[in-house]
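Required output: the full structure, derived from the provided sequences and hints.
Line by line, the protein sequences are chains A and B.
My numbering runs 8 ahead of the 1-based position in the first sequence.
My numbering runs 8 ahead of the 1-based position in the second sequence.
If you're looking for bench data, these hints aren't it; they were derived computationally from the structure.
Zero decoy hints are in this set.
Output of the computed footprint for chain A on chain B, the stretches with three or more beta carbons under 8 angstroms from beta carbons of chain A: (1) 42–54; (2) 140–151; (3) 165–176; (4) 230–238.
Where a beta carbon is used, it is the ideal one built from N, C-alpha and C, also for glycine.
Number of protein chains: 2
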Amino acid sequence: MSSGLHREIIGDILRLGRDEGWAVDAPVGEKPLAARLGVSRTPVRRALIDLSERGILRRELGSGFKLNRPIDAAVIAECSNDAAGGAELYRKILNDRASGLIPLSVTENALLVHFGASRGDLRRALLRLSAEGIVQRQRGHGWQFSESLDNPQAILESYAFREAVETAALSQPDYRVDGAALERMRNAHEALMRKPASEIAPDMWFQVNAEFHETLASWSRNRFFLQAVKRQNALRRMHQFVDFPQLTPEQIKQSCEDHLAILDALAAGDRPRAVALLSAHLSQAAQDWHNQN
Amino acid sequence: MSSGLHREIIGDILRLGRDEGWAVDAPVGEKPLAARLGVSRTPVRRALIDLSERGILRRELGSGFKLNRPIDAAVIAECSNDAAGGAELYRKILNDRASGLIPLSVTENALLVHFGASRGDLRRALLRLSAEGIVQRQRGHGWQFSESLDNPQAILESYAFREAVETAALSQPDYRVDGAALERMRNAHEALMRKPASEIAPDMWFQVNAEFHETLASWSRNRFFLQAVKRQNALRRMHQFVDFPQLTPEQIKQSCEDHLAILDALAAGDRPRAVALLSAHLSQAAQDWHNQN
DNA sequence: CTGTGTTTTTTATTGCAGTTATATACACTG
DNA sequence: CAGTGTATATAACTGCAATAAAAAACACAG
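Structure below.
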């Protein structure tokens, strides 16, 4: 209920621990965590206390917290139930907008009653959405959803923009591939392809896809390319549920293969080839979409 | 004082009238204005009443308002004194941040006492800044100015990004030049070049420059290219006061000439040449900046 | 119909207690 | 020092009544 920061932080800590493979009995310090997460010790402490009440950590008075059992998927799932809180509303808004349940231009009060949320939560969600360029405060009353990817023209424009930005990102002189991240992504794609088509949840594919494009952009070592790609992903996220049913299993498979080919080219250090593949990949997606509509 | 919408609208109406050259005695209708400005009639009406109290309009009961005297620079200046209101704080924040008076990470209350503003105005300003990606809410308390164009690395990245985006914009298949707008810009540049260097105010050059790049991008008929350029301009605006003194009159003159050459190429329908010139223009600017720092 | 003048309704802001969340400072330990 | 435990000071959020701003509705004129 309480929209506290420590809820979020519980999730952050667990993810951190999983990604770094913390060993059982390893000390989980409050100060270093606070520094890494960019918050003060107070909310970290609350999160740690919470976690120790769940038996994931244990507290040794005088020397802080220790990891009590390994951090696996089960643990994360257990704790992310209530961790949701704030992000929840954000998703709901995107969802309901994408499916037309809320109109392009909408008043704050209308949203309030529609979702039965608290004003504060709503404001936070809108703040985030507006930072992502998805919604804008309009003069006078109300909020205006950016004439986003809800019309065919906008989607074609989006593809054109992404093609320009992402290929340019790959062509930056400082471009440098992170081998470890590349391997992780390759695995994620291969795992996805092994699944039967019916088992691929919409947001799984979206997640992998978004991460692929963002990571590629991040290797440009240029924050603006990365930011632009992230913005596009945020817009696309808004329509993932609507668009997905139109994506055939073949198309998803094809996309995965495209991605893998691009990763191969990058791993081999052949950037011109990666650029060409990426460009073709995006044009093809635009073309497919165009034909379907 | 009152941060009302009608203050803004006064300015909007005057600018509209000037740009369209409204004749004396022409009717100034409340409903059409409301529609064009995207607000309801109420604030428009208040603005019109305000303007008629200043003698700029006159009211004819039963048939609305008429223009009483031509809209020239003096009129606009007269009314923009208090029209400022909301936008004022926005500028002040950018200013004080650019000159280091407020730190990168700052709390809402600190800003409140620093500017002596009302909480509401402050929130509005921050909302706008955050929509432009200049500032972000940070977890816990306070706001974080995006590690924006305040370090050399970021500026170089910005130039690289702009070069990619703007040249790509010019290369879009749907690109179409608007002759009238092109002529207006050409005039603005020539007027600027006729002035002695000492009389060029920082924001005059910035204004012309920003409009040039935005207009070029807008001709791509792709909202995302335009949006990206606008975002970059917003970031750059933040540092116009700091950067400008470093710009020599020769550099400004050179920039103007570059811009004019690009406009010429576009007017002649030679887009590849325009792209090459634009690319050279931005690389050169990056180079100059790099050498100076 | 398009627009004006006026009224009504809706929407959002402001100001202010009370409360909670977060950061910070201080004393202490290994 | 780098860390913990605790206390304290700030900062921000909540809820609520009062108020202001803006939108929408209505009646009527050309």
